[in-house]
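Chemist: What follows is the residue order along each chain.
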Amino acid sequence: DGGITQSPKYLFRKEGQNVTLSCEQNLNHDAMYWYRQDPGQGLRLIYYSQIVNDFQKGDIAEGYSVSREKKESFPLTVTSAQKNPTAFYLCATAGIRQGDSNQPQHFGDGTRLSIL
Amino acid sequence: AQSVSQHNHHVILSEAASLELGCNYSYGGTVNLFWYVQYPGQHLQLLLKYFSGDPLVKGIKGFEAEFIKSKFSFNLRKPSVQWSDTAEYFCAVLDTGGGNKLTFGTGTQLKVEL
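Each protein sequence line maps, in turn, to chains A and B.
The numbers in our numbering rise by one with no breaks, and the one at position 111 of the first sequence is 101.
The numbers in our numbering rise by one with no breaks, and the one at position 13 of the second sequence is 237.
Just so you know, the hints here were simulated from the structure itself, not pulled from any lab data.
Incorrect hints may have been included.
What the hints assert, rightly or not - Examples of chain B residues toward chain A, derived with CB under 10 Å:
{"#": "1", "residue": "Leu243"}
{"#": "2", "residue": "Tyr260"}
{"#": "3", "residue": "Gln262"}
{"#": "4", "residue": "Pro264"}
{"#": "5", "residue": "Gly265"}
{"#": "6", "residue": "Leu268"}
{"#": "7", "residue": "Leu270"}
{"#": "8", "residue": "Lys295"}
{"#": "9", "residue": "Phe314"}
{"#": "10", "residue": "Gly322"}
{"#": "11", "residue": "Phe328"}
Ideal placement from N, C-alpha and C gives every residue a C-beta, glycine not left out.
Take the sequences, apply the hints, and build the full model.
Modeler: Below, the structure written as structure tokens:
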């Protein structure tokens, strides 16, 4: 979606290094999500946030960290503790209206992370 | 936890052939279901969604899906595929635990040959 910007498009990580993936949105959506996509495994949820200064672990949070200091931004840090970080990372957003929690998620173009 | 199964991992069709991609989910209560498509080099896009009402849902680009509660299925169909339908297709179910979280299937890679 044009309203979700992920950067960089490609990222290379050295052993023992932390790297941060950026996700910015101008859709005024409350909720933001980080997924990891691996061939044959679909998308798996890493972290999500429904409101500023609050976030929850998804299914595969180990080795990752996030922050949500602004509504527009939800950066993901891949730490050195993540032993298999090579993957395609997708950021998504969704509006959450009171009484209506099933708004479809919108996705960014993704960041492909590789190990040097 | 909910789960989603997509049984066809790779499908190859000729243009004009009919398409049906299987999707089964595990939860027996009220479900919200989605099909997303990822064209080569592009972001995930919503094809269609089912929340309630008519179990036959029509989406973009001629796709449709039928929600069959008794079979826990939400199969995606298209009567006549085109080369431009080559993409990866993901079925997803909305998590009932809140947070508007999605659980995705493993995806089906569709290749349409001329």
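Chemist: For every hint, state whether the structure bears it out.
Modeler: Results of checking the hints against the structure:
This hint is violated: Leu243(B) has a C-beta 19 Å from the nearest C-beta of chain A, more than the 10 Å allowed. About 8 Å separates the beta-carbon of Tyr260(B) from the nearest beta-carbon of chain A, less than 10 Å, and the hint is met. With 10 Å as the threshold, the beta carbon of Gln262(B) comes within range of chain A, its nearest partner Cβ sitting at about 9 Å, so the hint holds. For Pro264(B), the shortest C-beta to C-beta distance to chain A is roughly 12 Å, which exceeds 10 Å, and the interface hint is violated.
Look at Gly265(B): its Cβ gets to within about 9 Å of chain A, closer than 10 Å, so that hint holds up. A least Cβ separation of about 4 Å between Leu268(B) and chain A falls short of the 10 Å threshold, and the interface hint therefore holds. Using the Cβ-Cβ criterion of 10 Å, the hint placing Leu270(B) at the interface with chain A is satisfied: the shortest such distance is roughly 5 Å. Hint status for Lys295(B): violated, given a least beta-carbon distance of 21 Å to chain A, over 10 Å.
Because the smallest distance between the Cβ of Phe314(B) and any Cβ of chain A comes to about 6 Å, under 10 Å, the interface hint for this residue holds. Taking 10 Å as the C-beta contact cut-off toward chain A, the hint placing Gly322(B) at the interface holds, the least distance being around 7 Å. Evaluation of the Phe328(B) hint against chain A yields a held restraint, the C-beta minimum of about 4 Å falling below 10 Å.
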